[in-house]
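Novice: The listed protein sequences correspond, in order, to chains R and A.
First residue of the first sequence? That's 1 in my numbering, and the numbers climb one at a time after it.
First residue of the second sequence? That's 1 in my numbering, and the numbers climb one at a time after it.
If you are wondering where the hints come from, they were derived from the structure by calculation, not from laboratory data.
Just so it is clear, CB atoms sit at the ideal spot from N, CA and C, and this is done for glycine as well.
Keep in mind that a hint or two might mislead.
Computed footprint of chain A on chain R; a stretch qualifies when at least three of its residues, placed anywhere within it, have a C-beta under 8 Å from a C-beta of chain A [as the list claims (entries may be wrong)]:
no.: 1; segment: 4 to 10
no.: 2; segment: 13 to 25
no.: 3; segment: 30 to 36
Pairwise CB distance ranges, derived in the manner of DEER restraints [as the list claims (entries may be wrong)]:
no.: 4; chain 1: R; residue 1: Thr38; chain 2: A; residue 2: Leu177; range: 44 to 52 Å
no.: 5; chain 1: A; residue 1: Ser86; chain 2: R; residue 2: Tyr67; range: 21 to 29 Å
no.: 6; chain 1: A; residue 1: Ser66; chain 2: R; residue 2: Gly62; range: 53 to 61 Å
no.: 7; chain 1: R; residue 1: Ala54; chain 2: A; residue 2: Asp64; range: 53 to 61 Å
no.: 8; chain 1: R; residue 1: Arg37; chain 2: A; residue 2: Ser164; range: 36 to 44 Å
no.: 9; chain 1: R; residue 1: Tyr67; chain 2: A; residue 2: Gln81; range: 46 to 54 Å
no.: 10; chain 1: R; residue 1: Ala41; chain 2: A; residue 2: Lys123; range: 43 to 51 Å
no.: 11; chain 1: A; residue 1: Gln27; chain 2: R; residue 2: Phe44; range: 28 to 36 Å
no.: 12; chain 1: A; residue 1: Gln81; chain 2: R; residue 2: Asn70; range: 51 to 59 Å
no.: 13; chain 1: R; residue 1: Thr38; chain 2: A; residue 2: Lys87; range: 27 to 35 Å
no.: 14; chain 1: R; residue 1: Phe44; chain 2: A; residue 2: Asp64; range: 42 to 50 Å
For reference, the chains in residue letters:
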Amino acid sequence: MKPLNNEQLDLLAQSLSKQLDNVDIPDITEKVLASRRTKSATVFTLKRFAVAAAILLSSLNGGILWYSWNYSQELNQTELIDSLYSTDSDWTTLLTLNE
Amino acid sequence: MNEQHLVEELRNQNENATRLFIKTYQQDVFRVILKIVFNELDAEDLSQETFMDALTHIHDFQSDSSLKTWLFRIAVNRSLQHLRASKRKKRFAVLKSIFATESDEPIAIQDPSASISDFLENKELSKALQLNIEKLPENQRLAFSLIYLNGHSYQETASIMEVSVKAIEALLSRAKLKLRKSLGEFHYETT
Chain R
1 MKPLNNEQLD LLAQSLSKQL DNVDIPDITE KVLASRRTKS ATVFTLKRFA
51 VAAAILLSSL NGGILWYSWN YSQELNQTEL IDSLYSTDSD WTTLLTLNE
Chain A
1 MNEQHLVEEL RNQNENATRL FIKTYQQDVF RVILKIVFNE LDAEDLSQET
51 FMDALTHIHD FQSDSSLKTW LFRIAVNRSL QHLRASKRKK RFAVLKSIFA
101 TESDEPIAIQ DPSASISDFL ENKELSKALQ LNIEKLPENQ RLAFSLIYLN
151 GHSYQETASI MEVSVKAIEA LLSRAKLKLR KSLGEFHYET T
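Model the full assembly from the supplied sequences, consistent with the hints where possible.
Specialist: Right under this line is the structure:
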C-alpha cells in the first residue's frame, strides 16, 4: 500500500471543499432581524421595569424614612413623659430632654 | 455604500444597513463555519449567532482589520465555542454528518494509487478526511479548514486567528502530517 502524499491530500481537501460548497446556503437575514427586534424589545421592557422598580424602591425608602422620623418623635415624647413621672429623675435630665 | 459608512449605519441601528450587511456576508460566514463544524444545522445557528454578536458589538469594531475579517473572527470563535461545548457534552453531541455513512470511525484510504478522477469521486475519501480533520487539535483544525477548505491566504488566516504567519505555517505543517498519517499508511522517508 502506498502512503498518501501531499498532492493527494491537497486534491482530497479540494474535493471535500467542493462538496461542502454544494450545500444550500439558507437565507438567515429575516431571522437575524427578527431576533434583533425581539432582543431590542426585551431590553426596552427590562429598562422600563428597572425604572419602575427604582421609583417604587425610592418611594418605599421615603415612606420608611418618614415613618422612622415620626416614630422617633413619638419615642422622644414618650421618653419625656416617662421621665416626668420617674422617681429618680431630676430637673437637669428633664431640661436636657425638653431641649 | 462603503465599509466605513456601513459600519456607521450599523451603529445607528439602521435596519436597511443591517439587512445589507447580513445579505453581503452571510454566504461567506456560513461556509467558513460549515467547513469547521461540518454540520449544516449547526452552521446555520452559528451564522445567526455570529451576526447577532457582530451587531451587538459593532461599536467595538476598529478599522485595524476589514469588517469581513472581523466577522470571520467572530464566526471562528463561535465555532470554537460550539466545538468545545460539543466535546463537554458528548452524550448530546452525536453530530450528524452531512455525508451519510454508517460508521463514524475514521476511515483509512485503502488505495491512494487509484486514478485522480476515481480518487476525487470517492465520497468515502471525503468522509475519511472530514473525520480525521475533526480529530485534529483545535488550532490545527482551524488553520487547515481556513486555508485548505476555505481558500484563505496564510496572511488572512493569521489575521482571523490572531496569530503570526509563522505560527500558521507550523500549525498547517503539523495538521498535514497528522492527516497524511491517519489517512493512509504513512511512511516517513528520511534522507
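Novice: For each hint, tell me whether it holds in the structure or not.
Specialist: Going down the list of hints, with the structure as the test:
1. 4 to 10: holds (count 6)
2. 13 to 25: holds (count 10)
3. 30 to 36: Holds: 5 residues of the segment 30 to 36 of chain R have a Cβ under 8 Å from chain A.
4. Thr38/R with Leu177/A: 44 to 52 Å: holds, 47 Å
5. Ser86/A with Tyr67/R: 21 to 29 Å: violated, 57 Å
6. Ser66/A with Gly62/R: 53 to 61 Å: holds, 55 Å
7. Ala54/R with Asp64/A: 53 to 61 Å: violated, 40 Å
8. Arg37/R with Ser164/A: 36 to 44 Å: With a Cβ separation near 41 Å, arginine 37/R and serine 164/A satisfy 36 to 44 Å, so the hint holds.
9. Tyr67/R with Gln81/A: 46 to 54 Å: Given a distance of about 52 Å, which is inside 46 to 54 Å, the answer is holds.
10. Ala41/R with Lys123/A: 43 to 51 Å: At roughly 46 Å between Cβ atoms, lysine 123/A and alanine 41/R fall inside 43 to 51 Å, so the hint holds.
11. Gln27/A with Phe44/R: 28 to 36 Å: holds, 32 Å
12. Gln81/A with Asn70/R: 51 to 59 Å: Given a distance of about 57 Å, which is inside 51 to 59 Å, the answer is holds.
13. Thr38/R with Lys87/A: 27 to 35 Å: Holds - the Cβ-Cβ distance for threonine 38/R and lysine 87/A, about 30 Å, lies within 27 to 35 Å.
14. Phe44/R with Asp64/A: 42 to 50 Å: Since phenylalanine 44/R and aspartate 64/A have Cβ atoms about 33 Å apart, the given range 42 to 50 Å is violated.
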